[in-house]
Amino acid sequence: MLAILRREIGAYFNSALAWMLISAFMLILGLIFVSLLGIYSEYSLVAASSPFGAQQLNPTDRVIVPTFQWIGYLLLFILPVLTMRLIAEERRQGTLEMLFSYPLTDTEIVLGKFFGGLSVVGVLMGLTLGFFVALSRLADIEWKIVASGYLGVFLLGCAFVSFGLWASSLTSSQMISAALTYCGLLSSWLVVIVGERLKGLKDIFGDLSSMGHLEEMARGTVSTHHVVYYVAWTCLFLFLTVRTLESQKWSS
Amino acid sequence: MICVKNLTKAFGNKIAVKDLSFNLDSGEILGFLGPNGAGKTTTMRILTGFFPPTSGTATIDGIDVSESPLQVQSMVGYLPEHVPLYHDMTVREFLNFAAAAKRVPSARRKASISDTVERCNLASVADQLIGTLSRGYRQRVGLGQAIINNPKVLILDEPTVGLDPTQVRDIRALLRDLGKNSTVILSSHILSEVQQMCSRVVIIAGGEMQAMDTPANLTSAMQGEARISLRVTGAEDTLLEEHLKAIEAVSSEERLERGAFMIVSEPGLGEGLAPRIASSVIGEGWDLHELKANTANLEDIFIDLIEAEKGGASVSHSAA
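Going down the list, the protein sequences come from chains A and B. Position one of the first sequence corresponds to residue 1 (our numbering), numbered consecutively onward. Position one of the second sequence corresponds to residue 253 (our numbering), numbered consecutively onward.
The following block holds chain A by itself, in its conformation from the complex (with noise of 0.2 Å):
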């Protein structure tokens, strides 16, 4: 397994892709970062000539809360395309039939490629850090809060990386298999919009929702039935990649 994983990130950091679209997100996210303290310090100025302001005026809902929403909108968008290659591209190039031949069970050589994708979830999550090292110099941070949002970051990155290794397992083609993982996390997201229409089921489409439980955990509320939530989807989709691996060999 960690022969694959040592090759995985190798693949990832010696291609110019993914240094593109980390620097692209850090772009983008660095940008509404400004532009969200912009705001903030804003606020704090009518906060300063108010007698009641200061209390609605906290660095967590301003800031925080909304930056690791964003971090969530861009990995749903950045993560399609940096999971589409890894089992897709192997089929393509016939190399998985070799890596079949090899002593290794399938359930190494998925692990091995989730831990790569998530490497790359990994490295985003330690650069973002800057931001919250920034943030608590010019403002007093509740880092239990941020570690809480950190931990919600990355069960999002494992829950959408099973599911892109998923969708590159079911194809040969890499196009497919970015355009399936797409549909799939934007409907995990966009389930709430369907929730509100219907009464009384709200709570339950809410629930169902894969962005909603990042915000919880954004605000500080580590709950198992957070957790449970993106564990049970990312051993549900690494299960299906591997069977998907068994029945594709079996019928090929």
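No lab work stands behind these hints, which were simulated from the structure alone. Please note: incorrect hints may appear among the correct ones.
So the derived list for chain A, only partly shown, Cβ under 10 Å to chain B, looks like this [as the list claims (entries may be wrong)]:
1. A3
2. R6
3. A11
4. N14
5. Q93
6. G94
7. L96
8. M98
9. L99
10. Y102
11. V192
12. E196
13. W250
So the derived label-pair ranges between C-beta atoms look like this [said to hold, decoys possible]:
14. A:S173 to B:K544: 36 to 42 Å
15. B:S358 to A:D207: 45 to 51 Å
16. A:F239 to B:N275: 38 to 44 Å
17. A:V227 to B:A425: 57 to 63 Å
18. A:F239 to B:K362: 33 to 39 Å
19. B:S358 to A:F13: 19 to 25 Å
20. A:L127 to B:G388: 39 to 45 Å
21. B:A425 to A:S247: 37 to 43 Å
22. A:L127 to B:L322: 36 to 42 Å
23. B:K362 to A:G38: 51 to 57 Å
24. A:A147 to B:G414: 51 to 57 Å
25. A:D61 to B:H334: 55 to 61 Å
26. B:Q380 to A:N58: 56 to 62 Å
In this text, a Cβ means the ideal position worked out from N, Cα and C, and glycines have one as well.
Keeping the supplied structure of chain A fixed, place chain B upon it in accordance with the hints.
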């Protein structure tokens, strides 16, 4: 070393391999000969644990492939057709990956990589990206990943396809060298290759084994049957054909072009046919331009067996 028993593999209704059995002793080089789609790759994939057979068993060194694939895979080196490689890695990185994936202990990894680089003659390109290498070098890298863990069994699917003649010669020399340490199965549709390199040949067509023997035995089975090609001017073709038919021990003659015939002797009576034909043609006053006696080679046997298979299939089809 390798024991295949009643191996059958079906994909839905399509039977890719049917009731295949053979044994292979350690140190042998087996040639798998057959047209495209004959079931060569399917058999090889079963042996490498890619998928299990529908029925029958395959064991390598006494271990059943479908029961403990990991154990078998760690002593098998496989080169798939078309030599898939990671083009974004250098040769050394790739070999390192293969060694790690095949669980070569990390202490021995460096030594086994440099050993492989040496055996496959890759030293000059070891730090080049695989994507920039020529076809011949890629083939060697492919062989390199197959032998990196010193496998007891090497399975090579069409190892010389798409190479130029010099590269083919180099790869064959390399394979012969590798054959000294391992049992080798290679597939090919190039007959001369199999004839030169293999200690045994399996001819497979339509998923079924047509013949299995040493190249020498297969050839001698057909010997005693002479094939003579002939070119004559100064005679009408029909007349010439009548005349040839009348010569003793001629079993069939086929007109290739104007004045040119291919004559096949009756089995076992090929000896002395060529001079008889020559003297009788000259005796008639015709001009003999060319007379060539060919001994049967694997190619003829191969084509005969494949044709027989096709003929048999069409007969049973019309009967049904």
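Run the structure past the numbered hints and jot down the numbers of the failing ones, going up. Going through the list in order, the structure violates hints 11, 12, 14 and respects the others.
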